[in-house]
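**Student:** Work out the full structure: start from the sequences and follow the hints.
This is what each chain is made of:
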Amino acid sequence: MHNNPILRISTKILFAPIILFGLYVQFHGDFGPGGGFQAGVIVASAFILYSLVFGIEAGKKLFPPNFNLILLAFGGILYGGVGIVSMILGDEFLAYNILGSSPQSGQHIGILLVEFGVGLTVSNVMIALFNAFASYDKIKEK
Amino acid sequence: MISELLINAFLVTIMLSIAIALIKTRTVIFTVILTSAYSLVAALMFITLDAVDVAFTEASVGAGISTILFLAAMAYLPKKEEESISSEFIPAFSCIILGGILIWCSFDLPEIGQLTAPIHQHIAPEYIRGSKEDIGIPNIVTSVLASYRGYDTFGETIVVFTAGVAVLALLEKKNSAKKNKSQPKQKIRKNA
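Just so you know, the protein sequences line up as chains A and B, in that order.
So in the numbering used here, spot 131 of the first sequence is number 131, and the numbers just go up one at a time.
So in the numbering used here, spot 96 of the second sequence is number 1096, and the numbers just go up one at a time.
Source of the hints: derived by calculation from the structure; they are not laboratory data.
The C-beta atom is built at its ideal place from N, Cα and C for all residues, glycine as well.
Watch out, some of these pointers could steer you wrong.
Label pairs and their calculated CB-CB ranges [as the list claims (entries may be wrong)]: (1) G1099/B - G32/A: 33 to 39 Å; (2) P17/A - L1022/B: 30 to 36 Å; (3) I109/A - I1090/B: 18 to 24 Å.
Below, in silico cross-link-like pairs of lysine to any residue (SDA-like), each with a Cα-Cα straight-line distance of 20 Å or less [to be verified]: (4) K1132/B - G100/A; (5) K1132/B - K61/A; (6) K1132/B - F27/A; (7) K60/A - E1172/B; (8) K60/A - L1171/B; (9) K61/A - I13/A; (10) K60/A - I1023/B; (11) K1080/B - F1030/B.
**Tutor:** Here it is, written out as structure tokens:
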């Protein structure tokens, strides 16, 4: 696939809009359909498309595996962390009301952060899984 | 009403034909593609039920990313599934019995969209009434998912995380063997 100009150029054109759409789904989840799970998958698909067309090594150069693993864990920590912070501020675990000046703004901040955590974990798990499967091949041959 | 019925009948026909094709096919790549198509039709089905969020998830996760992951994993499978030698009578029989029981039970279910159904009496009215005031965002699905049911979503996230880490741990064994490739072959085998 590396030498097919149509694939290479269309991937380069599509990459940014896919990420943009992922971010839209991520942060527009409060107002329309969408949220962390869907957005994470969409963002992951952009990176997987890149890896498919330009090769797994180029994909790993674009998005280093170490960074990938850190973000993978960070999503869950962010979700739990929001709960812990709301506990420290004097409310129950994952009660967002206390996070903002008014209950509604607290809920807004809480939901935004929590959804972002979900998105991070989902997208990075998908990318990590794809990388693991795709690099497994070469190891097996040796 | 009649148009809805027609659309549903159309989608169910497509789903059924995909399901039958899935049973019949022995080529792995066709199985993966048909599963993806099945998910896409299921997403359309969710749209007719006005469940846009679920449809979105089904289309992106079921039809999109899981197909890619299946294709990535498929490379390690033989191209064709082996013909099964055991008898197909008992599985088919138990499937028909179970399906019959499920269809029989479905007659007792309340109609779709009926307001007096138990599911619409329990806690859902609270969420629908409270979402605007308590949470202040228009999408009730998000407010239930992230706020009212925040624990459950936390659990889901941890499940995704754990599944990812488990698969990585399984495949990583071979990766550590790869790093020692300068060493003689026997040593690699020992490590693996």
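**Student:** For this structure, which hints from the list above don't hold up?
**Tutor:** Hints 3, 5 and 10 not satisfied by this model.
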